[in-house]
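Asks: Chain F is fixed; fit chain V onto it per the hints.
For the record, the sequence lines run as chains F and V. Heads up: the first sequence begins at 1 in this note's numbering, then just goes up one per residue. Heads up: the second sequence begins at 1 in this note's numbering, then just goes up one per residue.
If you are wondering where the hints come from, they were derived from the structure by calculation, not from laboratory data. Everything numeric in this text was worked out from a predicted model, so none of it was measured. All residues carry an ideal CB built from backbone N, CA and C; glycine is no exception. Wrong hints could be hidden among the right ones.
As the list claims (entries may be wrong) - The calculated BS3-like cross-link candidates involving lysine-lysine, where the alpha carbons are at most 25 Å apart (straight line), are:
| no. | chain 1 | residue 1 | chain 2 | residue 2 |
| --- | --- | --- | --- | --- |
| 1 | V | Lys71 | V | Lys56 |
| 2 | F | Lys26 | V | Lys101 |
| 3 | F | Lys28 | V | Lys71 |
| 4 | F | Lys26 | F | Lys70 |
| 5 | V | Lys57 | V | Lys101 |
| 6 | V | Lys101 | V | Lys68 |
| 7 | V | Lys101 | F | Lys70 |
| 8 | V | Lys68 | V | Lys57 |
| 9 | F | Lys13 | F | Lys80 |
What the hints assert, rightly or not - A few chain F residues facing chain V, derived, Cβ under 7 Å:
| no. | residue |
| --- | --- |
| 10 | Thr43 |
| 11 | Leu44 |
| 12 | Thr100 |
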Amino acid sequence: AQTIHQWPVAEIKAVGSPLSLGCTIKGKSSPNLYWYWQATGGTLQQLFYSITVGQVESVVQLNLSASRPKDDQFILSTEKLLLSHSGFYLCAWNRDSGNTLYFGEGSRLIVV
Amino acid sequence: QQQVRQSPQSLTVWEGETAILNCSYENSAFDYFPWYQQFPGEGPALLISILSVSDKKEDGRFTIFFNKREKKLSLHIADSQPGDSATYFCAASAVGSSGNKLIFGIGTLLSVKP
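So that you can see chain F by itself, here it is in the shape it has in the complex (with noise of 0.2 Å):
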């Protein structure tokens, strides 16, 4: 069966400093990985999607970026962080030719 892990649970960090979000997905070879946005009783945004190992595509830009360092590793990050950052992070991952996503229990982040 296939697992999802998303690090840190949460964290509360400073306007200005970095941050760094993430993801293992572990069960699934090469599955298509994404990065979502949810502000706190608001809808999904989608952020990054990525189909294979150092690929990587930006969908809305919010000051963050999105690494694919490993097959099953997704990394979110910045070098400054801004008080509209704050919000749940959930990784997600689907198969190639399936719709269905399959999400991860979130990063909560608070900007102070």
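Replies: Frame of chain F; chain V shown alone:
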């Protein structure tokens, strides 16, 4: 422009009642419609989905009714339980679209009172 609309934004029903959550979409190319259930502090989980070739899909207490001509669908939760209290997202995409163009609605917050 919001491509997937949901209503109501919040809904309260009594235990045992049927909750009806509505969804509509703009893009005629959409042909895959999943519903996700999200509990506070957790990631969304797929609840049930339907393809546009069908007009109804059932899974236990959960039923999707789909009207392609009107571009509308609804999720019916029969015999609602307090444990069903969660946010429900309707989503849509075109099957086979690259990069997963799954578009989510704003969600409906369901509260089931005992």
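Asks: Could you work out which earlier hints the structure fails to respect and list their numbers in ascending sequence?
Replies: 3
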